[in-house]
Amino acid sequence: MIATAARNRRRRKTIDSIASGAIVAAGVGVIVPLVAILGFLLFRGLPALHLDLFTKNPGPTGVDGGGVKSAIAGTLVLLGLSLVMGLPVAIATGVYLAEYGRTRIGFVIRFLVDVLAGVPSITIGIFVYTLVVLNMGKLSSITGSDQKYTAFAGGIALALIMLPIVSRITEEMLLLVPQVTREASYALGVPKWKTITTVVLPAASSGIMTGIVLAMARVAGEAAPLLFTALGNNFYSTGVFRPIDALPLRIFTYATGPFAYQHDQAWASSFVLVMMVLVLSIGGRLVLQRRGG
Amino acid sequence: MQVTETPARADFQRSPGLLSRIDPRENIFRGIVTLAALAVVLIIVLMIYELTHEAWPAITKFGPRFLWSTDWNPPKARFGALPFIAGTLITSLLALIFGTVIGVGASLFLVEFAPPWVRVPVSYMVELLAAIPSVVYGLWGVFVLGPWIQKTAGPFILDYFSWMPFVHGPALSVGILSAVLILTIMILPTIVAISRDVIAAVPRSQREGILALGATRWEMIRIAVLPYARSGVLGAAILGLARAIGETLAVALVIGNSTNVPDSIFSPAYTMASVIANQFREIENDTHEAALIYIGLLLLIITLIVNAIARALVWRVTRGQITTVIE
Amino acid sequence: MTLDVQRAPIAAPTDAARRLSVQAINLTAWYGETAGVRDISLDIAANTITAIIGPSGCGKSTLLRCINRMHEVVKSARVEGRVLVEGDDIYASGVDAADVRQRVGMVFQRPNPFPTMSIWDNVGVGAKLMGARGAELSDISETALKRAGLWDEVRDKLRTPAIALSGGQQQRLCIARCIAVGPDVILMDEPCSALDPRSTHLIEDLMRELSRDHAVVIVTHNMHQAARASDVTAFMLSEDGRGGRLVEVGASNRIFTTPSDRRTEAYVTGRFG
Numbered sequence: 001m002i003a004t005a006a007r008n009r010r011r012r013k014t015i016d017s018i019a020s021g022a023i024v025a026a027g028v029g030v031i032v033p034l035v036a037i038l039g040f041l042l043f044r045g046l047p048a049l050h051l052d053l054f055t056k057n058p059g060p061t062g063v064d065g066g067g068v069k070s071a072i073a074g075t076l077v078l079l080g081l082s083l084v085m086g087l088p089v090a091i092a093t094g095v096y097l098a099e100y101g102r103t104r105i106g107f108v109i110r111f112l113v114d115v116l117a118g119v120p121s122i123t124i125g126i127f128v129y130t131l132v133v134l135n136m137g138k139l140s141s142i143t144g145s146d147q148k149y150t151a152f153a154g155g156i157a158l159a160l161i162m163l164p165i166v167s168r169i170t171e172e173m174l175l176l177v178p179q180v181t182r183e184a185s186y187a188l189g190v191p192k193w194k195t196i197t198t199v200v201l202p203a204a205s206s207g208i209m210t211g212i213v214l215a216m217a218r219v220a221g222e223a224a225p226l227l228f229t230a231l232g233n234n235f236y237s238t239g240v241f242r243p244i245d246a247l248p249l250r251i252f253t254y255a256t257g258p259f260a261y262q263h264d265q266a267w268a269s270s271f272v273l274v275m276m277v278l279v280l281s282i283g284g285r286l287v288l289q290r291r292g293g
Numbered sequence: 001m002q003v004t005e006t007p008a009r010a011d012f013q014r015s016p017g018l019l020s021r022i023d024p025r026e027n028i029f030r031g032i033v034t035l036a037a038l039a040v041v042l043i044i045v046l047m048i049y050e051l052t053h054e055a056w057p058a059i060t061k062f063g064p065r066f067l068w069s070t071d072w073n074p075p076k077a078r079f080g081a082l083p084f085i086a087g088t089l090i091t092s093l094l095a096l097i098f099g100t101v102i103g104v105g106a107s108l109f110l111v112e113f114a115p116p117w118v119r120v121p122v123s124y125m126v127e128l129l130a131a132i133p134s135v136v137y138g139l140w141g142v143f144v145l146g147p148w149i150q151k152t153a154g155p156f157i158l159d160y161f162s163w164m165p166f167v168h169g170p171a172l173s174v175g176i177l178s179a180v181l182i183l184t185i186m187i188l189p190t191i192v193a194i195s196r197d198v199i200a201a202v203p204r205s206q207r208e209g210i211l212a213l214g215a216t217r218w219e220m221i222r223i224a225v226l227p228y229a230r231s232g233v234l235g236a237a238i239l240g241l242a243r244a245i246g247e248t249l250a251v252a253l254v255i256g257n258s259t260n261v262p263d264s265i266f267s268p269a270y271t272m273a274s275v276i277a278n279q280f281r282e283i284e285n286d287t288h289e290a291a292l293i294y295i296g297l298l299l300l301i302i303t304l305i306v307n308a309i310a311r312a313l314v315w316r317v318t319r320g321q322i323t324t325v326i327e
Numbered sequence: 001m002t003l004d005v006q007r008a009p010i011a012a013p014t015d016a017a018r019r020l021s022v023q024a025i026n027l028t029a030w031y032g033e034t035a036g037v038r039d040i041s042l043d044i045a046a047n048t049i050t051a052i053i054g055p056s057g058c059g060k061s062t063l064l065r066c067i068n069r070m071h072e073v074v075k076s077a078r079v080e081g082r083v084l085v086e087g088d089d090i091y092a093s094g095v096d097a098a099d100v101r102q103r104v105g106m107v108f109q110r111p112n113p114f115p116t117m118s119i120w121d122n123v124g125v126g127a128k129l130m131g132a133r134g135a136e137l138s139d140i141s142e143t144a145l146k147r148a149g150l151w152d153e154v155r156d157k158l159r160t161p162a163i164a165l166s167g168g169q170q171q172r173l174c175i176a177r178c179i180a181v182g183p184d185v186i187l188m189d190e191p192c193s194a195l196d197p198r199s200t201h202l203i204e205d206l207m208r209e210l211s212r213d214h215a216v217v218i219v220t221h222n223m224h225q226a227a228r229a230s231d232v233t234a235f236m237l238s239e240d241g242r243g244g245r246l247v248e249v250g251a252s253n254r255i256f257t258t259p260s261d262r263r264t265e266a267y268v269t270g271r272f273g
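Chains as they are written, first to last, in my numbering: chain U, 1 to 293; chain V, 1 to 327; chain B, 1 to 273.
No wet-lab data here; the hints were simulated from the structure. All of these numbers come straight from a predicted model, not from anything done at the bench. One thing to keep in mind: the hints can contain errors.
Computed list of lysine-lysine pairs in DSSO-like fashion (alpha-carbon distance at most 27 Å, straight line) [unchecked claim]:
#1 V:61 with V:76
#2 U:13 with B:128
#3 U:138 with U:148
#4 U:13 with B:75
#5 U:69 with U:56
The calculated label-pair distances, taken between Cβ atoms and stated as ranges, are [as the list claims (entries may be wrong)]:
#6 U:256 with V:286: 23 to 31 Å
#7 V:53 with U:84: 26 to 34 Å
#8 U:187 with V:222: 53 to 61 Å
#9 V:227 with U:54: 53 to 61 Å
We put the CB at the ideal spot given by N, CA and C, even for glycine.
Construct the complete structure from the given sequences, taking the supplied hints into account.
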C-alpha cells in the first residue's frame, strides 16, 4: 500500500517534470522562428543594403544593379490611396458601431466587420479584380487612361483590408470614452451628433490614430491583393490610373527570380519593409499600451 | 447604451414646447454613419455576387464535379479543384495541429511559468511575428527553410520515419512540409495571443482549488486550467486555421507548384490561395479564369464559415470585454 | 509599544490530553518586502476547531495559507520560521508542497467546484490524483459526500454539472472534495462568508462533525461564528503595518468572555475592527 503510494507519487512527479519541460520548450520554441527570420534579414539584407536601392529604378532584367525606388514610391502611393478611400468609411462605421450599434442590426454589422477581417487577402484581390479592374474600360473617359490594372484598384483592395481593422479599433476606443464625458456634454444642451464630433471623437483620437498606424503596418506588407489590381510595374510610376509597383510585389518577383542581384535586392527590400512595418507597429503598440496602462 | 434618452431630454430643456423638433443635422449625421456601416454589408454581398458571377461559366460547366475532379488542364480547358482543396486542407490542418500544440504550450509557459521579466519580452516578440509580412516569410522559406529541409531535416526524416505513411522522398526544398512549417510559424501569434488571454482569465480560485488537493502544476493545468479555457482556446485555434487557409504568398513561394494531389509530406503541391496567386496572371483562356475565380469563391465560403465559428466561440468567452481585438 | 506574544497553551483547555496537530514556530510570511504575518507561534490541537479572528488585513488568511503552503502560490511570496504538521516540518528542504497539501486540505471563501466536471468527478478528483481507482474511488467519493451531508441531496444527480448546485451545496461539495483526500488538517478560509444563514448553520454543524477526525482551523470575520462553533480562538492584530501578530490564544469561551489582553477585549466587544 505504501509502496503503491510512493510509486504513484514518483510517477506524478515524473509526468509533471516532462510536461513542464515540454511547456518551457514551447515557450522558448516560439521565439526561435522570430530570431531566425530577423537574424537572416540582418545577415542577408543589411550587406545588400545600398544607396542605389532607394535612388534607382529596376534595371533591365538580368543586368546587375538598379534599385527599388519605384517600388518604395509605389508602396507609399498605395498606402496614401488606401487611407483616403478607406479611413472615412472605416471611422464612420466605428462611430456607428459604438454610438448607434447597440441594436440587432448593429450586432449583425459588427459580426460582418469581423467576418470581413477574416476574408483572405487573395480573395479581396480577386474581388477588386472583378469589380474594378474588369470595369476600368467603362471609366476610361473619366480617368483618361486605358489601363486595366491601376494603383486605384490596388488602393481599393488595401482599403478593404484596412476597413475592418480601423472600424473595430475606432469602436473600442470610442467605448473607452467615459459615459460621464458624453453626459456632461448633453447636460449643456449639446446634441448627440455634435457631442460625438466635438467631444467623443477628439477624446478617442489618439487611440484611433494608433489603430490607423497598426492598419497601415498591416497593409504595407500585403502583396496578394495587389497581384491582379496594382499589378506591379518595372518603370517608375506614381500615376493613380496606371499600374504601379509595390515593395512586397517586388520581393515576391525577385524571390523567384534566377539572378543573384535579385535575391540580394529581395533581402534588402525585405529588410526595409520589415523595418517600416516594425516601426509602425511597435510605435502604435507603445502608444496604445501607454494609453491603456 | 442608454445614451439615446439623454439628448432628447436636453433638447426639451433647451426648447420647451418643441418636443418633436429634432435637429436635422442629428439625422444627417446618423444617416451618414449608418450608410458607412451598411457599406460593409454591401461589400460582403457584392463580394459573393461578383465572384459567383465571374465564376459562373466554370460553375455551370463543371458543376459540383469541380470539387472532386483532379484533372487540371488549362490548355484543354478541363478543370477540377481537388488537388488544391486537398493541398489547402492538408497544409492548414497540419499547421493547425503543430501551431495549437506549440501555441498553447507557449501560452501556458507565459501565464503559468514565466516570471514577468521573461513574459513581457516573449509576448512582445510573438506579436512581432504577426507583424512580419507574408512575402518576407516566403522569402525566408525559399532561401533558409527550404534548403534546410532539403539538406538536413528531410534526409533525417527519410532515414528514420520512412516507415510511416505519406513519408517518402525525395526531400525537396519546396513542398507540403515547407508550407506546413511556414504556416505553423505564421499562425502562432494568433493562437498565442488569444489563448494566453483566455488562460490568464481562468480564475485564481480554480487554480488554488486543485492545488489545495495536492495537485502538481501540470495536474493543475490539465484539470483546472485547460478545461476551463477550452472554448476560448478552441476559438483561437480555429482563427489560426482561418489564417492558414487564406494565407497566400508565403505558401505560393514554398509549396512547389504542382497540380497533382500530394501523396507525401515532401510532395510539391498547390493550395487554393497559392494556385490563384501563381496562375491568375498567366490565364490561358476564359474558362481558366472562371475556374480560378470559382476556387476563390470556394475559398471565401470556407473562410467565412471557419471565421464565423471561431468568432462565435471567442465572443462567447470574452463577451462583455471590449479589448480583445487590440490585445 | 512592545507586543508580548503569548504562547498558546500546549493543548486545548477542554481536554488536556489532546495531541498537537500543527505547530507554527516563529513564522513570518512575506509578500515581496512586506510581511503579511510576523513572528507567529501557535499550536493547533488535533480533533479541535480552532478559529482565527481579527480585523481585516491582520493576516489571518495569510497565516492559514502558510499551513498548507498555499502562501507560496502568490508570486514573490516567501516564509521564514517553521510549521510542523504531525511533527513534520513542511518547509524542510526536499518536502514537496503537493504532498503537504494532501495532508492539509483547504476550503475557500467562495465555493470553487470545477465547472466542467460533474458532481461525482468533483468529489473524486483529489483522491484520483492520489491513485484511487474503480471501487476504491467510488467508496471514497460516496463516503466523502455522506460525511459532508450532501449524499441525500445529490445521489440522484451525481452526473450533473457541479455548478448547478446552490452556493451552500457547492461549498459542502468542496468540503467533500477536500476530505476525500484524507487530510489530517482541514483549513477553512471564511467558508461561510458567501452563504445564507441556513447554509452557514449546516457548515458549522459539519465542522463539528469533521473535528472528530481532523484538526479544523477556520478563519472568520464573524465573531459569533467563532464563539459558537470553535473550541479555541486565536486573535490576531496588525498594529504597526509590519505584519499581523498573534495577540492572544485561548479557549473560545474564555476569549469571548474574559480575555486577558485589552486589545482582544476591545475587538470582541466590538469597539473596533
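Outcome of the hint check:
1. The hinted pair formed by residue 61 (chain V) and residue 76 (chain V) meets the criterion: a straight-line CA distance of about 13 Å does not exceed 27 Å.
2. Between residue 13 (chain U) and residue 128 (chain B) the CA atoms are separated by roughly 15 Å; this keeps the pair inside 27 Å, and the hint holds.
3. With a CA separation close to 10 Å, the supplied pair residue 138 (chain U) and residue 148 (chain U) stays within the 27 Å bound.
4. For the hint pairing residue 13 (chain U) with residue 75 (chain B), the CA-to-CA distance comes to about 22 Å; that is within 27 Å, so the pair holds.
5. Simply put, residue 69 (chain U) and residue 56 (chain U) have alpha-carbon atoms about 5 Å apart, close enough for the 27 Å limit, and the pair holds.
6. For the pair residue 256 (chain U) and residue 286 (chain V), the supplied restraint of 23 to 31 Å holds, since their beta-carbon distance comes to about 27 Å.
7. Against the hinted window of 26 to 34 Å, the Cβ-Cβ separation of residue 53 (chain V) and residue 84 (chain U) comes to about 28 Å, which satisfies the hint.
8. As the Cβ distance of residue 187 (chain U) to residue 222 (chain V) is approximately 54 Å, the hint placing it in 53 to 61 Å holds.
9. Distance hint for residue 227 (chain V) and residue 54 (chain U): a CB-CB separation of about 55 Å, consistent with the stated range 53 to 61 Å.
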